[in-house]
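Asker: Spelled out, the chains give:
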Amino acid sequence: MRPIDTRIIRTIQETPSTRTFFFDVSFDDAQPGQFVMVWARGVDEVPMTLSYINAITVQKVGDCTSHIVALSEGDSLGIRGPLGNGFTMPEKDERILFVAGGVGSAPLAPLADRATSIGASVVSVLGARNSDELIFEERFSQAGEVYVTTDDGSSGRCGFVTDQLLDMDVAMFDHIYVCGPEIMMYKVFENLRDKQVHGRAEFSLHRYFKCGIGVCGACCMDPTGLRVCKDGPVFNGLQLESSEFGKYKRSACGQKISI
Amino acid sequence: MRPIDTRIIRTIQETPSTRTFFFDVSFDDAQPGQFVMVWARGVDEVPMTLSYINAITVQKVGDCTSHIVALSEGDSLGIRGPLGNGFTMPEKDERILFVAGGVGSAPLAPLADRATSIGASVVSVLGARNSDELIFEERFSQAGEVYVTTDDGSSGRCGFVTDQLLDMDVAMFDHIYVCGPEIMMYKVFENLRDKQVHGRAEFSLHRYFKCGIGVCGACCMDPTGLRVCKDGPVFNGLQLESSEFGKYKRSACGQKISI
Amino acid sequence: MVNVTGLDLKNPTILAAGIMGTTGAAMIRMVKAGAGAVVTKSIGPEPKIGHSNPSMIQLDCGYINAMGLPNPSYADFVDEIRIVKEAVDVPVIASIFGGDATEFVQVAEGLGSADPDAFELNVSCPHADGYGATIGSDPALVEDITRTVRDAVDVPVWVKLTPNVTDIVDIGKAAQRGGADAVVAINTVRAMAIDVASGYPILGNRFGGLSGAAIRPIAVKCIYDLYQALDIPIIGVGGVSTWQDSVELIMAGASAVQIGSAVVDSPYVFRHVSNGIERYLDEKDHAGIEDIIGIAHEMI
Amino acid sequence: MVNVTGLDLKNPTILAAGIMGTTGAAMIRMVKAGAGAVVTKSIGPEPKIGHSNPSMIQLDCGYINAMGLPNPSYADFVDEIRIVKEAVDVPVIASIFGGDATEFVQVAEGLGSADPDAFELNVSCPHADGYGATIGSDPALVEDITRTVRDAVDVPVWVKLTPNVTDIVDIGKAAQRGGADAVVAINTVRAMAIDVASGYPILGNRFGGLSGAAIRPIAVKCIYDLYQALDIPIIGVGGVSTWQDSVELIMAGASAVQIGSAVVDSPYVFRHVSNGIERYLDEKDHAGIEDIIGIAHEMI
Ligand SMILES: Cc1cc2nc3c(=O)[nH]c(=O)nc-3n(C[C@H](O)[C@H](O)[C@H](O)COP(=O)(O)OP(=O)(O)OC[C@H]3O[C@@H](n4cnc5c(N)ncnc54)[C@H](O)[C@@H]3O)c2cc1C
Ligand SMILES: Cc1cc2nc3c(=O)[nH]c(=O)nc-3n(C[C@H](O)[C@H](O)[C@H](O)COP(=O)(O)OP(=O)(O)OC[C@H]3O[C@@H](n4cnc5c(N)ncnc54)[C@H](O)[C@@H]3O)c2cc1C
Ligand SMILES: Cc1cc2nc3c(=O)[nH]c(=O)nc-3n(C[C@H](O)[C@H](O)[C@H](O)COP(=O)(O)O)c2cc1C
Ligand SMILES: Cc1cc2nc3c(=O)[nH]c(=O)nc-3n(C[C@H](O)[C@H](O)[C@H](O)COP(=O)(O)O)c2cc1C
Ligand code: FES
Ligand code: FES
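Protein chains in written order, with this note's numbering: chain E, 453 to 711; chain B, 453 to 711; chain H, -6 to 293; chain A, -6 to 293.
Hint data in this document are derived by calculation from the structure and do not stem from the laboratory.
Hints may be right or wrong, so weigh each one.
[Stated by the list, open to error] To spell it out: a stretch of chain B is covered by chain H in this simulated footprint if at least three of its residues, at any positions, have a beta carbon under 8 Å from a beta carbon of chain H; those stretches are: (1) 454 to 467; (2) 517 to 529; (3) 555 to 567; (4) 602 to 615.
[What the hints assert, rightly or not] Derived lysine to aspartate or glutamate pairs resembling EDC-like cross-links, with alpha carbons at most 20 Å apart: (5) B:708 / H:271; (6) H:277 / E:565; (7) A:277 / B:457; (8) E:708 / A:72.
C-beta atoms are modelled at their ideal positions from N, C-alpha and C, and glycine is treated no differently.
Bound-form chain E, shown alone:
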């Protein structure tokens, strides 16, 4: 598909560096965890999770995201999607654990909304650098109990999400959904693997995307060759065993970069 011309109809400053952009186009078929390719014309095109059925939540990290976060109501973007595979849908009466780090809560929040609406039993662990950087806390609160950890202790527990996990019986959950910086996700993965419950966990991965549709191979994982853009971005913990996950990723030219 060609990029769809999408107009920004509302923005919310979520944190000092992160804004949510609501569009006049709604991706009604999108599953939580699916992403779109967001084209800032004349700049670049980058992958972004749908944080609502009609919105993305963008953290400013470089060129393209700086351009995007500076946009206002009425501005437009070119959007291709929804792409990739989302999370496995939880069912009523299932027990769910969300583990989010920073803007990693973006793909999980719509799933939390879904969990709320079906009445699943939810616990969330949200980590952030500081209290300002917490995103979508209310959406997780609506769904169930929320534990917050911050690096500086400005909100919730001082420490990392993994600290919180160590205090919990992760084996009691039917599904564990994880998104955040890879180093954090990998720590969570190790924790869950130690308890042999990583098969119940799904991780939303980030890799450098070029085509975004599963052709070029830029985003392939070692050693399976699974494409993050097409076979992912959501993977089950078992798929990530003995993989590059947590160890390295690839730059735009294909060179390995340590995580």
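Once you have looked at the hints, place chains B, H and A with the ligands on chain E.
Answerer: Chains B, H and A with the ligands alone, transformed into the frame defined by chain E:
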């Protein structure tokens, strides 16, 4: 569409110069009056009406038809279709007149079958050079009364279909369907127009087809520019008023040829 | 109203050469269905029946054809042009071909009495030995033929280009040097389809030209490159079936667009496309099509 | 089993260059999904990040891409080839590019320690200034580079051709004169797409190459023409996604087919296509693919 590879599973010698070829492919959506482009590989591709849902009836007139009539069971042809617009479907209790000349009965016969099955009231006038050249007489008999005319009187009335029409009250029919040599169709057209019932009549026309799908313009009628291959081959009598019909057609290079 | 090379087009959509252009009546029908101008079938010095059938088939992407320039010759066609000219008030452009400059002039002059509003030189048909692209791949021949026709007639001369060359800009520049008033891009792309059941090439001529949606991205690139290099207008053609398609060609640099294969479904494609362009210009507050011709070049 | 230039392919389907060929793991996956051989991403002398995004989009007909030859350089890539070679028993062909003969040889030699089974020279990428088609449109350069690489390595050398030339046969003959063991046809067709909402060319590089179903008829014609003119085998590529598509290329003259864009839906396209070819050969009582290579030329 590309030509569909179609195998001949049965043939019937209808007359000394005409054979019907049944295919292993059935054009179930085809309406009576629609045609297919028949590709004799290495020779030529020519238009042929579907005389059954899975058959064509071919009269040998030149290169390509000579090649086709020489084919046997097991041989194959490339078929594109069904193409064009067929006849208006008659309804139960309607009174129908068929007027066919020679192999012109091919597009009308499936309509006669249809009329039989819905129980319409049918009269048919079949013309041919001689009794040997009569085609599908039984299919029309099944549908209702049949009048036969032959040029040499070897069967039925000696004379032309128009002679028979003059003896009939054509105004009593709801639909009049006509196919045959253009000179004969035009005579029928004049007859019906004189009685102001040509608006109830439909004629299946022949013109030289190149593309067969309505792009090239080779088959266009004057002065409307209607495409016989796409807007036809079936036209209502009113559409043919003051047209080239009965006067001239075009050769493969576009020059006018008198009828 | 759109002005291209001095001709007033009713709207920016033009019937492409070789499509519904064999008879005056067919062209009149296209005008009634909304064409802002019409180009005739390519006409040559002698009657030509063209290649044997199949001469056009629809593929999963686009169409492939090898008509082989069937035409009744200028002597027989001049009346068809007269018929259109009398019936409609849009420009009628005569597409002509020949084996050399002399034949081109012979045809142009032979059709002259019917007063065509312009000539389009077909130096781009990919499946006519000795004609079309055989000539149109050679800048010197293109320049020579363009100049000779240009000198012989007093209406605009458009030169239709083939994309089947290493650099279409070379050929476009040759046409411009020869005095072309506009170039038309693109003719069909050399192509072939084989029947896998039998191994036979499907077209009677074995190979032919690809048209329709498959070639639009190729046309866009050719038009973009020509716009950057030429001073004369470009008329875009290739795979247009919606107003969006036409706007894409215009943004690449086309001053008007021709529509060919897309008449397959309905001649009203002209009306739909031109209405769509108008709506788009309105919505975007553009005064006219000039505002968007070639704007892709400024979007950096 | 199919033998092409001395390489034993498990089946006639080959992963095309630049598709899922950036990592050893991805290529191994393609082999497991049925590829009879794999071609790597085109590798050059220096790391290259390629053009900015969007670098590939799906159109209504086919795909358009301008990756810009992103690659980690031969020095970093040699290990990826080693990984594939160790894991699978199908030929691994290294696609390489450079700005001149010396660079080509530098890359070929740099990858040599991983023992690629053949080299495919990319002189055909349409959107890499100074590389690819810039070189591949010039018969003299193609001949020179082919000969120089041919002399420097002791495995087969395939030369991948661009269709964006007036006559692909000229380039194919140049490759043959230079000692190519096979030619690969075709690389993508120069093309462009413009966003009508904004006027921006969609690709980061503004233009790129068309692939997928849109170009298959173009590939068929190129292969057909090359088969008529060359003595070396032709490997077909362009728009194959079904076994019928592959048989069409084979009947035109291809000894094997590469598959690129069609992995979009599933890597198992290799298995489906090769199984389909086998079924077809069985049904038609052919002993092997040799029976149908180029048979379109005999069907008259
Ligand atoms: C599936 C997926 C979903 C994502 N969802 C979100 C989201 O909801 N919110 C959010 O803020 N961020 C999200 N990201 C990350 C986001 O894509 C990057 O932050 C963005 O691409 C940075 O672009 P830049 O030009 O601003 O930074 P640059 O300065 O160009 O690069 C900074 C870093 O961003 C990453 N990056 C740059 N370009 C790409 C690319 N084409 N593909 C992948 N990563 C790239 C690289 O790691 C790079 O090192 C997601 C990434 C992926 C893969
Ligand atoms: C809509 C339609 C339906 C037809 N249905 C039947 C049918 O059911 N049975 C039947 O026997 N015939 C039918 N015909 C006529 C049939 O197409 C011609 O008899 C056949 O094309 C002759 O081809 P040839 O090579 O044998 O003869 P040629 O020697 O090539 O030509 C003899 C005459 O056949 C006609 N003809 C040749 N090629 C074409 C063509 N491409 N398109 C149209 N006419 C052509 C011309 O009038 C020509 O003068 C139909 C024609 C049309 C237009
Ligand atoms: C059936 C057919 C006949 C054509 N005949 C001619 C012709 O006579 N002269 C010419 O210059 N171009 C001819 N063309 C090319 C078209 O004018 C046009 O350039 C091409 O089809 C691309 O446009 P489209 O994709 O809108 O069809 C023909 C195309 C088709 C499909
Ligand atoms: C995303 C993408 C990247 C490509 N990269 C290369 C490349 O690095 N080297 C090369 O020779 N061809 C490259 N090609 C061209 C393909 O190998 C192939 O020739 C072309 O895509 C046509 O085949 P297809 O229609 O099956 O995709 C690339 C094509 C695509 C779509
Ligand atoms: S980014 Fe191209 S395959 Fe994933
Ligand atoms: S035969 Fe081409 S339009 Fe009818």
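Asker: Which hint numbers doesn't this structure obey?
Answerer: Result: hints 2, 3, 4, 5 and 6 break, sorted rising.
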